[in-house]
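Chemist: Residue numbers (this note's numbering), protein chains in the order written: chain A, 1 to 605; chain B, 1 to 605.
Since the hints were made in silico from the structure, they are not lab data.
One copy or two, it doesn't matter: identical chains are merged, so the pair holds either way.
DMTMM-like cross-link-like pairs, simulated, lysine to aspartate or glutamate; straight-line CA separation at most 20 Å:
no., residue 1, residue 2
1, Lys427, Glu440
2, Lys366, Asp457
3, Lys366, Asp520
4, Lys146, Glu440
5, Lys289, Asp158
6, Lys366, Asp480
7, Lys366, Asp386
8, Lys366, Asp479
9, Lys366, Glu391
10, Lys267, Asp62
There are 2 protein chains.
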Amino acid sequence: MSKDSRVSKDREGTAEQDEQADQARVSRRDFLRLAGVAAAGATGAGALGVLPALAEGTPPFDQEFDIVVVGSGAAGAIAAVIASEAGAKVALVEKALLFGGTTSKSGGVYWIPNNKFLRDAGHVEPREETLHKMARYSYAARYNEKDPHLGLTQAEYDLLVALYDNGPTAVEELDRIGALISQPADKPFGPMPDYFEESKEDKVPVDRRLWSKKPDGSFGLGDEMVRQLKAALEKRQVPVLMGHRVTSLLRNARGEVVGVECTKMDKSKVRLRAKRGVIFGSGGFTQSKDLVQQFQPGPIFGGCAVPTNEGDFVYMATAAGAKLGNMSSAWRAQIVLEQALQFSSTPDDVFMPPGDSMILVNRYGKRVVNETANYNERTRIHFVWDPTRHEWTNLVLFMIYDQRTAELYGGRFPLPPTGTQAPYVIKAASIPELANALGERLGKLEGKIGGLRLGADFADNLSAQIERFNGFASKGSDDDFRRGEMLYDRLWHSHVWSYPNPGTSHEIGKTPNVTMHPIDAGGPVYALILAAGTLDTNGGPVINAKAEVLDAQNAPIPGLYGAGNCIASPTGQYYYGGGGTLGPAVTFAYIAAKSAAAAPEKAPA
Amino acid sequence: MSKDSRVSKDREGTAEQDEQADQARVSRRDFLRLAGVAAAGATGAGALGVLPALAEGTPPFDQEFDIVVVGSGAAGAIAAVIASEAGAKVALVEKALLFGGTTSKSGGVYWIPNNKFLRDAGHVEPREETLHKMARYSYAARYNEKDPHLGLTQAEYDLLVALYDNGPTAVEELDRIGALISQPADKPFGPMPDYFEESKEDKVPVDRRLWSKKPDGSFGLGDEMVRQLKAALEKRQVPVLMGHRVTSLLRNARGEVVGVECTKMDKSKVRLRAKRGVIFGSGGFTQSKDLVQQFQPGPIFGGCAVPTNEGDFVYMATAAGAKLGNMSSAWRAQIVLEQALQFSSTPDDVFMPPGDSMILVNRYGKRVVNETANYNERTRIHFVWDPTRHEWTNLVLFMIYDQRTAELYGGRFPLPPTGTQAPYVIKAASIPELANALGERLGKLEGKIGGLRLGADFADNLSAQIERFNGFASKGSDDDFRRGEMLYDRLWHSHVWSYPNPGTSHEIGKTPNVTMHPIDAGGPVYALILAAGTLDTNGGPVINAKAEVLDAQNAPIPGLYGAGNCIASPTGQYYYGGGGTLGPAVTFAYIAAKSAAAAPEKAPA
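Just chain A, same shape as in the assembly (with noise of 0.2 Å):
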């Protein structure tokens, strides 16, 4: 049983939770070769588009239904099963041969502001101070407290009055009819801090996560969540046709969209009729490496999301006249350069690099960030362009940490179990050792990575840095990046990303600042090479408060739907906190779902 690709996620870390991790990762690993096949057994982009409007008279659909949705992640399951529920017939379509899309990789968390469980325990969550939380970060720029609509667009600002509103219903709803049993994932640390803990808007910060209650009452990660879903899918008879990916929307004469026409793993193709709406949950664009090179401001090398995660709603809704939006954001985590390197959809991400005695520098061994920070944020300090060099002066950063770190968090992603290697990592006897070594690593690496090697002064400026961040960790205080100074960088260290390994010689708590240790540099020491990478993308096709896809002139383009990674991210540019992806996946799924289903029925042709 290797540990070396743990899932770094929400986690409590018992011996039974470590073996059900491990199930979960034969699944993905299954997930990755099926999804794989299905990729390559698909037919690029070249296919995608927009069929013209069908001639009438003829009837061309092989199956009718109200509603076709697209994907069968949390969004794509949610919509089917909100919809199915409410009296519609409903076909759901996975372009892979493995259900759960990148939902089954995840940690299964869905951020809900105002939730139940908050209310039940007597937290209480005014709208309009929510609203604030969200504005100010999601649209930071342009947020004016004084504003009605805080400085937002009517449309940004309807969005997030969406979410507030519904989330806590769309969960409700879900855990009645016994499709998603939700819990709260403040177990068993208790709460821990969204990523705008120390705004001056969250004065009283409550854990927003949620995630789902397995049946014997344990917690579920996105496996279960999935689970969950199929199982009520099943229950309500939905059709789920694996293997089929939508490469076209059907309009009819007046536009409005009708279907869509999915092309099967031998190339056959099946048009699905949908008399009142097709709603996309496809994920997002990681893994095109043409709309990555197109929309986002830096480079990224890959992410978690599954391999079929294409972008192919963007460029079938870019064919149907949909407007954009979000296009230059993404999830963002940094990503183990070598991994990505050998398949861009990576196992896992890095969502806080493991260690005390650990830090990241750049080219030219200097750290340029709160190693700390959450994932979203510190990821983008790999687009810094330096003006006066002309280069992505941070496009690797190198993870550099001592045998303590080693020892004490082995098994952490992206450290491997104590005692084992992993290909990515270099060990070295010392610091000049340890920069010979990187230097002839990047040196393979150069016509993939833009050439970049290290500066000349690498080592040396690496053992300064070095001995500049020990007297940090000494003092519990870091001048530079403020490491360890906010919550939810002490928290999420010590109980989520970096929980120590028990039986070591290696003692925590006798450093005023637990995230920071003094690092070892008299050897052995380690490196591994990180860079951007995504959960995914969060840009699409734009939607309103009603999950309608909106065309170029902010009309909604009749018949279409979209929830979760594949359109404009109601949230923006921000991740509010853990489950930040899934809360409005979930909540834009279950508006999509009851839109759709209150839609009238179109004219096939």
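Got chain A; can you put chain B on it based on the hints?
Modeler: Using the frame of chain A, we list chain B on its own:
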């Protein structure tokens, strides 16, 4: 004769030319007024799109041409001249009431590698070497010198080849037909370095900048370039329809673009047939808050692009199913925040903050960038997100200077001419008083800048920062940001952006680094607020090496061509040197015209 908005662009600095520049400024003022009217009189993005295929048999066109060109800046005007020269019947339509677009406000410099003036002077510039230079900076994270396509996709590579191969030809043909007479822009200071000056690929930096030659042999700015091109159109009797905003593409039943529908100032509509093609040269989307929000990676407050550059082509091309690219990029420059808040189409951009006893600091009173780095790259520092403070920490930067800089460089934008005042300049007797005044000013603006305030230690930090900078100035080297180390920094500072006023008591040449002089913090001291802006954006529909606009499947959309800032820049995120915007615009406008003129005639319905 006010000098406070003296053109901050390539210039020679004689009194006669100052006069020319001031005359040009009057034109720009007229332009702003007229273009503003046009923009206000038009109907917003709500009307932009693609009309359904025209019914067969109807004669729907008001006028028929072979080629319709949209936009009267360099790209549009050159496309129209060349197409006409190729024998096509051409019309040019312009949304504004003044001819020339953003080109008329520009320095009128075009960057053309391997141009005839260089060749005639014996500067050999091999194709392969130049392609390496371009590829390295346009695609810095993927550049691979050993790869046949240098790490680029075939499509990206082909665009760079097209730029190298066609740029010189375009300039020569324009000269030969008398449409645009060029000359090297290397007078009177000798060659000025490109923006990739220090690259190892650019061992023999030569000045690739050209600009127009006036009839008297003197140099021409953008207004002269526009004057010549307009005269060339008149000579060829090409109809120029002013105040015509293209609001729809017209397609035939085969999906080919066969014309445009224009909306005039009085809201009436005109349909123009384009038998062979429609060429867009209509500018970027700087003045569309919607598109900036959806695609740019950080807050942009405006830029010197004309008010009509609202991204009309992005909306129409989206509706036509075009593939968008380079959307997170722009030709970047800093702008004066308070000018941009008044009117997002600013009179001018801050290409290099003038002055030697001058620094830029952020809200914490800290320098964050080499003030003399080129504008395109320097401005990206505004987009650094601080993951610990959860803020755009450089959302605005403060240009701090002393009496020396005010007097010696007064008149270099944004410094008001010596002895005059500008409303956006804050003057105080001391650093603490300056900090107070700046704090008050920010308080008045807070609703428009996300509530940004000065850090509590701003005044103390600023004093310490000045002391540190003064040490760098005295010894001649900037340990923090290498200001003045590069040839670009020194030459462009001395000769273009910060040439000194004669007749003051201040001397230059007494410090070892011409870009730095100690700041006299004893007072008076000055501050003004800078923010991120653009010359214009450079993302939009993707073209191929024939300047054909591509659809999501990378297939040309028949009949649709583009060049200039309205399309995805063939040079990606990089700005090669002075004229890096207009050089590719000239080249691909030339290519588009040749392609469209050679295209087959299309059925109208």
